[in-house]
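Enquirer: So the chains spell out like this:
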Amino acid sequence: MKDNGMLRGRHHVKLNARSGRSNPEETLRFELNKREKRRQLRPSSPEQGAVCVLQKTEEKENLIYLQCFFRLGSKRENSFFHVISLVPRIPNTSFLDKPEIHSIVDDLSLRLGNLGDGWLESSQTSPKYFEFTPIEVHAITERLRLPEPTAPDVNMVADIGNTIDFLHRVRALKIRGQKGYVGTSNIVWNSLDMSLYFCKSLKALWIADSDVCRINGIKSIRETLRRLVVHYSMKKIKDLLFDEEDLEAALMVEEMGTWKCLEEVDLSFNEIKYFDESMKLLPEVRILNVSYNSITDIGTNLAFLSSLTELDLSNNTITKIDAWNEKLGNVKKLILSENAIEDLTGLGKLYSLEYLDVKGNNIQTLEAVQGIGKLPCLEILLLRDNPIRKLVEYRTKVLELFGERSSELKLDGRRPEHRELDTVRVRMALRKAKEEKEERERRRKERIEERIRYISGEDVSPNVSGSF
Amino acid sequence: MTAAPYNYSYIFKYIIIGDMGVGKSCLLHQFTEKKFMADCPHTIGVEFGTRIIEVSGQKIKLQIWDTAGQERFRAVTRSYYRGAAGALMVYDMTRRSTYNHLSSWLADAKSLTNPNTAIFLIGNKADLEDQRDVPYEEAKAFAEENGLTFLECSAKTGSNVEDAFLETAKQIFQNIQDGSLDLNAADTGVQPKQNLPRAAENNGKKDCNC
Numbered sequence: 001m002k003d004n005g006m007l008r009g010r011h012h013v014k015l016n017a018r019s020g021r022s023n024p025e026e027t028l029r030f031e032l033n034k035r036e037k038r039r040q041l042r043p044s045s046p047e048q049g050a051v052c053v054l055q056k057t058e059e060k061e062n063l064i065y066l067q068c069f070f071r072l073g074s075k076r077e078n079s080f081f082h083v084i085s086l087v088p089r090i091p092n093t094s095f096l097d098k099p100e101i102h103s104i105v106d107d108l109s110l111r112l113g114n115l116g117d118g119w120l121e122s123s124q125t126s127p128k129y130f131e132f133t134p135i136e137v138h139a140i141t142e143r144l145r146l147p148e149p150t151a152p153d154v155n156m157v158a159d160i161g162n163t164i165d166f167l168h169r170v171r172a173l174k175i176r177g178q179k180g181y182v183g184t185s186n187i188v189w190n191s192l193d194m195s196l197y198f199c200k201s202l203k204a205l206w207i208a209d210s211d212v213c214r215i216n217g218i219k220s221i222r223e224t225l226r227r228l229v230v231h232y233s234m235k236k237i238k239d240l241l242f243d244e245e246d247l248e249a250a251l252m253v254e255e256m257g258t259w260k261c262l263e264e265v266d267l268s269f270n271e272i273k274y275f276d277e278s279m280k281l282l283p284e285v286r287i288l289n290v291s292y293n294s295i296t297d298i299g300t301n302l303a304f305l306s307s308l309t310e311l312d313l314s315n316n317t318i319t320k321i322d323a324w325n326e327k328l329g330n331v332k333k334l335i336l337s338e339n340a341i342e343d344l345t346g347l348g349k350l351y352s353l354e355y356l357d358v359k360g361n362n363i364q365t366l367e368a369v370q371g372i373g374k375l376p377c378l379e380i381l382l383l384r385d386n387p388i389r390k391l392v393e394y395r396t397k398v399l400e401l402f403g404e405r406s407s408e409l410k411l412d413g414r415r416p417e418h419r420e421l422d423t424v425r426v427r428m429a430l431r432k433a434k435e436e437k438e439e440r441e442r443r444r445k446e447r448i449e450e451r452i453r454y455i456s457g458e459d460v461s462p463n464v465s466g467s468f
Numbered sequence: 001m002t003a004a005p006y007n008y009s010y011i012f013k014y015i016i017i018g019d020m021g022v023g024k025s026c027l028l029h030q031f032t033e034k035k036f037m038a039d040c041p042h043t044i045g046v047e048f049g050t051r052i053i054e055v056s057g058q059k060i061k062l063q064i065w066d067t068a069g070q071e072r073f074r075a076v077t078r079s080y081y082r083g084a085a086g087a088l089m090v091y092d093m094t095r096r097s098t099y100n101h102l103s104s105w106l107a108d109a110k111s112l113t114n115p116n117t118a119i120f121l122i123g124n125k126a127d128l129e130d131q132r133d134v135p136y137e138e139a140k141a142f143a144e145e146n147g148l149t150f151l152e153c154s155a156k157t158g159s160n161v162e163d164a165f166l167e168t169a170k171q172i173f174q175n176i177q178d179g180s181l182d183l184n185a186a187d188t189g190v191q192p193k194q195n196l197p198r199a200a201e202n203n204g205k206k207d208c209n210c
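Protein chains in written order, with UniProt numbering: chain A, 1 to 468; chain B, 1 to 210.
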């Protein structure tokens with residue numbers, strides 16, 4: 001979207017350049033165009049002097065340009081975007097140069113100084129996220145490292161205090177990057193260092209398309225955060241949950257500060273392979289969503305989530321469930337749809353389960369489901385899109401596994417019908433009769449065998465009695 | 001509009017300076033949170049805090065930059081001096097060395113802030129009277145000599161902390177009232193806030209209702 005805007009902008013410039021430039025914004029774009037052209041023409045020969053002069057004039061232009069921009073900034077959204085998109089970067093140098101950092105932060109400070117309070121006030125009545133781009137957060141982070149006065153202007157209307165003040169108080173923050181490069185530069189969106197150190201009241205954080213390895217200042221947000229959402233940004237959970245300082249101090253996980261208030265964690269759509277030891281830092285998490293990741297085995301670390309009641313592991317690559325009652329605590333809702341599970345026996349002792357979703361797995365036989373028949377609280381079972389559905393009288397057969405509780409079970413979104421329940425009851429009665437009969441038969445056989453042993457003198461147990 | 005918490009007429013920018021370990025961050029914490037922070041970590045670069053106070057019926061928001069006392073951060077922290085309306089210069093009354101360094105802090109403050117900046121001298125840790133290393137009279141004399149206001153306070157008990165911040169604000173406000181502080185001048189550290197039309201521009205892209 002933005003890119004298109006840019007392109008349109010450039011066409012616009014060309015037209016305007018011919019037709020005479022009327023307003024400052026267009027002039028600006030013209031400048032931009034010129035500068036870009038010049039960059040392309042920039043000689044790669046070692047004529048140092050010439051290049052130097054060129055650079056100098058460019059720097060000057062840059063400043064004029066940025067000053068222009070700053071004036072416009074208040075009227076435009078995301079104005080910095082154009083500034084950055086201008087300049088291709090040499091790899092391994094700072095992503096933004098000083099004027100850029102200033103222009104971004106000053107613009108933000110100006111706007112937040114004017115509107116920040118109002119926004120925060122209205123967000124108290126209707127909670128909403130404030131959105132930053134990674135570039136903005138990065139620029140703020142870098143800006144604070146610069147030994148420069150807090151305000152660029154003498155009136156201090158764009159004092160960085162406004163931004164920091166806002167960060168201090170904002171309760172819900174969204175940081176949304178993009179894939180690929182920033183504009184026409186070679187800055188990779190999700191490679192920017194960001195610090196959340198000054199966010200002291202954050203309740204909700206939403207991160208998308210920005211590498212969590214680059215985020216620090218965790219110490220502040222783990223004190224207050226209640227809800228955490230991360231998409232397309234993480235390979236290992238600990239990359240986000242561990243605080244950089246704690247790691248530098250070589251603390252053991254047990255010694256690190258926990259996320260005291262975090263209750264809801266959504267890490268769907270990432271590349272998580274396993275649950276690492278950082279789970280120990282989430283004692284209060286109730287809801288964990290790790291769907292659309294690459295988990296094959298849940299390991300043993302989920303046991304540290306002592307408040308967990310809802311776990312979503314759908315769309316992963318789980319194949320086996322082995323004694324999950326030893327790996328999960330008091331989980332009530334478990335979503336395992338779209339995995340490759342064949343057998344549910346491992347859930348048989350997870351007695352807290354009330355809701356189990358195993359849609360779209362590879363469950364083929366009744367024996368694979370039998371194990372969960374004894375779950376005392378299970379109310380909802382979703383078995384759709386499994387090969388087991390092809391069994392004749394699939395519903396009644398599955399319901400039958402739940403015995404007396406079959407009437408309380410909602411299978412595949414439907415309560416059992418009377419007819420189904422009747423069938424189940426008849427089958428159960430039949431089975432019971434059959435079992436009793438078998439039992440009698442078995443006992444009789446035992447006695448016969450014992451008698452034979454007794455008679456043949458192999459066993460001299462005095463307890464054996466009875467008759468044929 | 002009713003008395004919304006964000007309705008204030010001015011922003012005053014403060015800085016807190018002084019040697020390492022004199023209790024600058026604790027003072028700030030006591031002032032903003034009304035709590036004593038027992039094991040306060042060393043400040044890296046700067047910390048920040050705000051509180052809205054009332055002076056002569058006017059609501060004023062204090063934006064307080066709490067600087068690191070460590071020498072290695074001196075370059076970064078110096079940049080926060082400019083445009084400060086108030087400066088709290090803190091020493092630890094149980095450690096004479098921190099008092100002896102005041103002249104260097106004062107020199108920094110005088111040269112980097114504007115002449116109207118209200119500089120307040122604070123002798124912290126007044127709760128440790130039995131370990132006193134700097135007599136009250138001596139510090140008082142130093143303050144008078146240099147035209148500073150002086151108070152001894154304790155970030156631990158909270159005594160006089162409130163006063164230090166409020167007195168400074170009163171002084172600045174007084175300066176505005178009597179015209180000695182010209183709001184149109186450069187780097188005053190005072191941002192007047194008009195009653196902004198609230199929510200007027202609130203419909204930008206930044207508003208994401210999810």
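These are computed hints drawn from the structure, not numbers from a lab. Computed from a predicted model, the values in this text were never measured in an experiment. Hints may be right or wrong, so weigh each one.
As the list claims (entries may be wrong) - Derived list of chain A stretches under chain B, where covered just means 3 residues or more per stretch with a C-beta under 8 Å from a C-beta of chain B:
| id | segment |
| --- | --- |
| 1 | 139-152 |
| 2 | 161-172 |
As the list claims (entries may be wrong) - Not the full set, but computed from the structure, chain B residues with beta-carbon under 7 Å of chain A:
| id | residue |
| --- | --- |
| 3 | Met20 |
| 4 | His42 |
| 5 | Ser79 |
| 6 | Arg82 |
| 7 | Gln191 |
Virtual Cβ for every residue (Gly too), placed ideally from N, Cα, C.
Enquirer: Look at each hint and say if it fits the structure.
Expert: Okay, the hints, checked on the actual structure:
Check on the segment 139-152 of chain A: 8 of its residues sit with their Cβ under 8 Å from a Cβ of chain B, so the three-residue criterion for coverage holds. Using a Cβ-Cβ cut-off of 8 Å, 5 residues of the segment 161-172 of chain A lie near chain B, which meets the minimum of three, so the contact claim holds. The interface hint given for methionine 20/B is violated, since its Cβ lies 18 Å from the closest Cβ of chain A, which is over the 7 Å cut-off. Evaluation of the histidine 42/B hint against chain A yields a violated restraint, the C-beta minimum of about 11 Å exceeding 7 Å.
Given hint, serine 79/B at the interface with chain A, holds; its Cβ is 5 Å from that chain's nearest Cβ, closer than 7 Å. Hint status for arginine 82/B: holds, given a least beta-carbon distance of 4 Å to chain A, under 7 Å. For glutamine 191/B, the suggested interface contact is upheld, since its CB lies about 5 Å from the closest CB of chain A, less than 7 Å.
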